[in-house]
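Chemist: Produce the entire structure from the sequences given, and follow the hints as far as they go.
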Amino acid sequence: MLMRTDPFRELDRLAQQLAGSGTWTRPSAMAMDAYREGDEFVVAFDLPGVSAEAIDIDVERNMLTVKAERRPSAKADDVQMELSERPLGVFSRQIVLADTLDTERIAADYDAGVLTLRIPIAERAKPRKIVVGGESSPKQISG
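In the numbering used here, the protein residues as written are 1 to 143.
FYI, nobody ran anything at the bench for these hints, they're computed from the structure.
Be a bit skeptical, because a hint or two may be false.
As the list claims (entries may be wrong) - Think about it this way: if two alpha-carbon atoms lie no more than 25 Å apart in a straight line, the pair counts; the simulated SDA-like pairs of lysine to any residue are:
no.: 1; residue 1: Lys-126; residue 2: Asp-39
no.: 2; residue 1: Lys-126; residue 2: Ala-98
no.: 3; residue 1: Lys-129; residue 2: Glu-37
no.: 4; residue 1: Lys-67; residue 2: Arg-86
no.: 5; residue 1: Lys-67; residue 2: Glu-85
no.: 6; residue 1: Lys-67; residue 2: Thr-103
no.: 7; residue 1: Lys-67; residue 2: Ala-44
no.: 8; residue 1: Lys-126; residue 2: Asp-102
no.: 9; residue 1: Lys-126; residue 2: Leu-97
no.: 10; residue 1: Lys-126; residue 2: Tyr-35
no.: 11; residue 1: Lys-75; residue 2: Pro-87
no.: 12; residue 1: Lys-126; residue 2: Thr-103
no.: 13; residue 1: Lys-67; residue 2: Thr-100
Modeler: Here it is in structure tokens:
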């Protein structure tokens with residue numbers, strides 16, 4: 001289950017700003033949406049300002065791990081930063097996937113700062129009709 005609202009989100013954001021940016025050993029969380037669309041489970045991650053080459057996606061058994069790194073943009077020597085609110089560093093999210101998903105066929109797409117993963121529902125998890133076998137004519141019991 002996913003939590004719809006988080007009353008401590010603003011407190012977490014403030015604590016994250018005070019603690020600094022994420023590192024590979026202690027990454028920051030990234031925002032995501034997860035939903036089912038037809039025969040696919042879709043997970044979308046917000047990663048604005050991250051290049052596609054800086055995104056790492058791994059699946060081991062049923063654990064999906066997404067890591068990304070947003071580095072500071074190259075600035076000239078004479079640039080003086082007046083305000084910096086966009087977080088930099090490493091972002092990560094781990095999701096335990098259900099056994100009903102086909103992790104062998106995950107498709108990833110990155111567009112406009114949103115990483116979208118489409119995970120097909122496994123064939124064995126889809127509803128199917130079971131045919132009842134038997135003889136078509138009744139038998140008479142003699143005895």
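Chemist: State for each hint whether it applies.
Modeler: Against the structure, the hints come out as follows:
no.: 1; hint: Lys-126 - Asp-39; in the structure: 8 Å, holds
no.: 2; hint: Lys-126 - Ala-98; in the structure: 13 Å, holds
no.: 3; hint: Lys-129 - Glu-37; in the structure: 22 Å, holds
no.: 4; hint: Lys-67 - Arg-86; in the structure: 17 Å, holds
no.: 5; hint: Lys-67 - Glu-85; in the structure: 21 Å, holds
no.: 6; hint: Lys-67 - Thr-103; in the structure: 18 Å, holds
no.: 7; hint: Lys-67 - Ala-44; in the structure: 13 Å, holds
no.: 8; hint: Lys-126 - Asp-102; in the structure: 11 Å, holds
no.: 9; hint: Lys-126 - Leu-97; in the structure: 16 Å, holds
no.: 10; hint: Lys-126 - Tyr-35; in the structure: 16 Å, holds
no.: 11; hint: Lys-75 - Pro-87; in the structure: 16 Å, holds
no.: 12; hint: Lys-126 - Thr-103; in the structure: 15 Å, holds
no.: 13; hint: Lys-67 - Thr-100; in the structure: 24 Å, holds
When held up to the earlier numbered hints, the structure conflicts with none and fits them all.
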